[in-house]
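Work the whole structure out from these sequences, hints included.
Just so you know, the protein sequences line up as chains A, B, C and D, in that order. Counting in the working numbering, the first sequence runs from 475 upward without gaps. Counting in the working numbering, the second sequence runs from 75 upward without gaps. Counting in the working numbering, the third sequence runs from 535 upward without gaps. Counting in the working numbering, the fourth sequence runs from 4 upward without gaps.
To be clear, the hints were calculated from the coordinates, so they are not data collected in a lab. Predicted model, so just to flag it, every value in this text is computed and none were measured. Certain hints may be false.
What the hints assert, rightly or not - Here are the computed distance ranges between Cβ atoms for each label pair: (1) B:V172 with D:I87: 51 to 61 Å; (2) A:T527 with C:V558: 11 to 21 Å; (3) C:K536 with B:V139: 28 to 38 Å; (4) C:F562 with B:P184: 33 to 43 Å; (5) C:V558 with A:L538: 21 to 31 Å; (6) B:K169 with D:V373: 23 to 33 Å; (7) C:F562 with A:L538: 27 to 37 Å; (8) A:F481 with C:D591: 54 to 64 Å; (9) A:K699 with D:L372: 56 to 66 Å.
Built from N, CA and C at the ideal position, the CB exists for glycine as well.
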Amino acid sequence: MTKKENFLKGFIKENPLFVLLLGTCPALAITTSLENAFGMGIAFIFVLVMSNTIISLINSFKKLKELIQPVRIAVYIVIIASLVTIVEMIMQAYLPDLYNSLGVFISLITVNCIVLGRAEAYASQNTVSDSVIDGISMGLGYTLALIIISLIREFLGNGTITIWGDLQINLQGVFEFLHITPISFFTSSAGAFMVLGIVLAIMQAIKNSKDAKEKEAKKQEKEVK
Amino acid sequence: MSFNQIIFIIFSSMLLENVILSQFLGICSFLGVSKSRKSAVGMGLSVVAVIVLATTVTWLIYNYVLVLFDLVYLKTIVFILVIASLVQIIEIIIKKFVPSLYKSLGIYLPLITTNCAVLGVAIKASQNGLTFFNMLLYALGSGLGFLLIMFIFSFLREELEKRKVPKAMSGIPIALVVASILAIIFSRYVGIVKEDEGEKEKELPRTANVISMHLTPSDEYLDNIIRRMK
Amino acid sequence: MKKNLITGLVLSVFALICGLLLSVVNMFTAPVIEARTEEKINNSIMEVCEVYKNNKDTYTIDKESIKHDEVDSVYLVKDENGEKVEVIYVVSAKGYASTIQMMISVTKEHKIERSVVISSAETKGDIKTHDFMMDGKDSLADFDKLSGSTISSKAVRKCFYTALDLSYEDLK
Amino acid sequence: MATKYLVTNAPYLRSADHGRSTHTVMRDLLIGLSPVILFAIFKNVIMVFIKGTYVSVLQAIYPLITLIVGPLTSALIEMLCLFIMKRKEITKFSDLLEEVKNGFGFFPGLFIVLISPVYINMWVLIVSIAVGEVVGKMLFGGFGQNIFNPAIIGRAFMAFSFSNLIGVSCFDPSMNSYLNAYEASVVDAVAGATPLIRYSTLTDVSYVGAVEPFGNLLDFFLGTIPGCLGETSFLACLIGCIYLSVRKVIDYKVPLIYVSVVFLNTLVAGLFMGQGIWYPTFQILSGGLMFGAVYMATEPVTSPKTNLGRAMNAMMLGVLTVLFRLVGNNPEGVATAIVTMNIFGLVINRYVVRVRVDGKLDKNEIPGLVIFLSIFVLIFIYNIIMIV
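Shown next, in the form of structure tokens:
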């Protein structure tokens, strides 16, 4: 796998949320506004990249690798938990509003399957540079997924798009033009499930039609031969 | 604490503030394991046990170690270690003493470490300053809520397998849609469990203004007010 | 046995390193967080107390000159002659699964002037913007219900009771 | 596993036995619904015209418009969904129409209109119908595949996300959408919208407080009381019930058990409150109980398939309805009860069928059964504690 492929895989081919179905909890809980999605994404990328770096660094020393082998999961979790705590503290100090709206889900990055999964499946077996690229790719892919969901939910549920802080695009005029109001369902918990379900279904439909087309192409190739 | 209060806390954390449907904790295992009933019930039962144990231990550590030594910022790292080792210990104990149970539950136990419901409930219970008894009830209710949804959902998933769900929707997407419907239904249960109304009278403060309320104050309480007005 | 000991040692070394690292970061962030909280409380005071906001130069605010068990802290607003004008309480409402801290200002006539939520650990964000509809009330007869949240209306109600109740003592 | 019986999701087991097509069933269902629809039109359009209290003609015929728009929207959305899902199989427009007809495409919309307030906002209605139709039915694979009742999903969605709009008349925001133009001028503002909403705000239960503002119990029976468009008349639902039972479209035992459980339950509750026989009568006559019992609880797709299962289902429905009404913040309760039992109906169906087919339960099923039975028993005990 080339470096470019490694970087691009997290966006569509191996998107952690849409394809691998990991990290669904925050994707449902905090996507009520775009700002939250950005905040979560940044925190997530930081944790993922750092944990990938540290873990691949540890594993690059053979002696150390052997030493931690029996308790490696616990060691990984400890490293991830401390990274998460660092993010949490920095966020609480410098971005208190975001910290409040993300709430317990920052701490829960610790048990997010993506971070631990990448540590165990990728970082422990690859070089540091590859692991960093992998972390960035996966983190960006996850952030992209969060952004898509939060865009849908915030627009339909609230009529606005909050980019950061006071920087907000007000689209309530669209609703007024149609003589309707935003539907609060989308910002509620039930709406979260529904939006994620529909988005996943669209992904699946695209994938299905792609597969069908590929099959047909192969068939035609065979016939030509 | 009255019986009514106990019921209120358990039912509220089980139905209204359900871990899965309204707090979005433990979704991964919820989607992953709910396919067969045996595993769903197994997972649910183990989560109930681990949540109650882990929350108790972490609550004790939080209140009697971390807060006292001003080390609150270490909570995530300590909690996750506690949960991981608890799960390990439970696994060993079950393996040794109840091998049949281990056979059916064993495979789910390691998964629980990364179940965010456990860590989430533990953090919430400690951070929000619950009393010990409330914490126990809250943890139990949350665990039971998880079990209930897993149980219901195993039936729904099984039923969905038989239906002609469109290809694009089949699998996880339709499960999420059903979860959304469940969330709507559960939101309609508000008020089924009521807080103890009887306690209100006792808790009334001594303010004269309270007279204008709909409540009927006790004699002793009225005496108090009259004394105050003089 | 020896092997187990070594692995245990390795794990604790890792935990120790991480703990030390965290305490270093905490050393830097803790003062910032504290300053933020103080700033937030000051802002909240401005928000709940109209009198003080308009007469910042002549009025004074006393913090924690009085102590009550029921409330977290008390701020007394005095005018230039040292007369008590208003009292502000910081109260915590404890639900069965979460806590919100709010600031309530009570006027001399024992009416609630305003209330704001300072911090909350609610799952749903709406409680922060929740208007308890208590502004200008001196009794709690028409209290807006907070249904469906982990903070029971009873807990919030009790906060308002306490504030009103204590104001009789503090504003003498 | 040896199966003696074939357990499928076919919507009409009986209709297959009798050699009837879904067309006949649909026609029967329409005839069965006609008393309700006719009464709704009589009460909300003709009466309003006769009394002449309407502000504009549009307001007077608004219920009629919703009755036409609702089913049409529903059918159109179903057509659209079918067009997207089965693009390859359906080439002609007539096929599409046939498909919608076979799939009872306009019924969810019709039902949602009948259980919505009289002057509901049109866009709210359309969005709710779309959600009910798409989420409740088409996403599961269309007719016969749904797990939940699509109409109730749509109605629950309406109550869930438009709580601020649902009670507001679309003609005058200060008016209540449950009251038609005539009732709005007669029923005083204190009385509140519907008998059940008023009842839920009463601190003292009494005949004078609960029933008298709306007339007497005969009015409740006939349906000349405020409420949702199609559900006020007990009599019309009863006529529909008799017709449908005679035609064997529905099982008459389900509404019978459902309503009698509610009656008994509220009788006991009423006795403890010191109320007479009027109280249970009031409870079964008001709200959408009869409509739900006849047209929704009996829906063959979403209810259990065996007699025992159906009886258990109906009994639980009664218990839950009373629980929601008297204890919960949910004045109506019928829709919530039915949709709750859509879930538990699956569980009941599963165990009852299993026991019937195999004669005994699989060992693996026992923990699940224990959980289920404990839920069942808990609800019963809770019900008894709460009403006493």
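Status of each hint after checking the structure:
1. B:V172 with D:I87: 51 to 61 Å: Holds - the Cβ-Cβ distance for V172 (chain B) and I87 (chain D), about 52 Å, lies within 51 to 61 Å.
2. A:T527 with C:V558: 11 to 21 Å: Given range 11 to 21 Å: holds, Cβ gap about 19 Å.
3. C:K536 with B:V139: 28 to 38 Å: Because 30 Å falls inside the window, the suggested range holds.
4. C:F562 with B:P184: 33 to 43 Å: holds, 37 Å
5. C:V558 with A:L538: 21 to 31 Å: holds, 23 Å
6. B:K169 with D:V373: 23 to 33 Å: holds, 24 Å
7. C:F562 with A:L538: 27 to 37 Å: For L538 (chain A) against F562 (chain C), whose Cβ atoms are near 29 Å apart, the range 27 to 37 Å holds.
8. A:F481 with C:D591: 54 to 64 Å: The hint (54 to 64 Å, Cβ to Cβ) holds, given that F481 (chain A) and D591 (chain C) are roughly 59 Å apart.
9. A:K699 with D:L372: 56 to 66 Å: Cβ of K699 (chain A) to Cβ of L372 (chain D): about 58 Å, so the range 56 to 66 Å holds.
Hint check: no violations occur; every hint is consistent with the structure.
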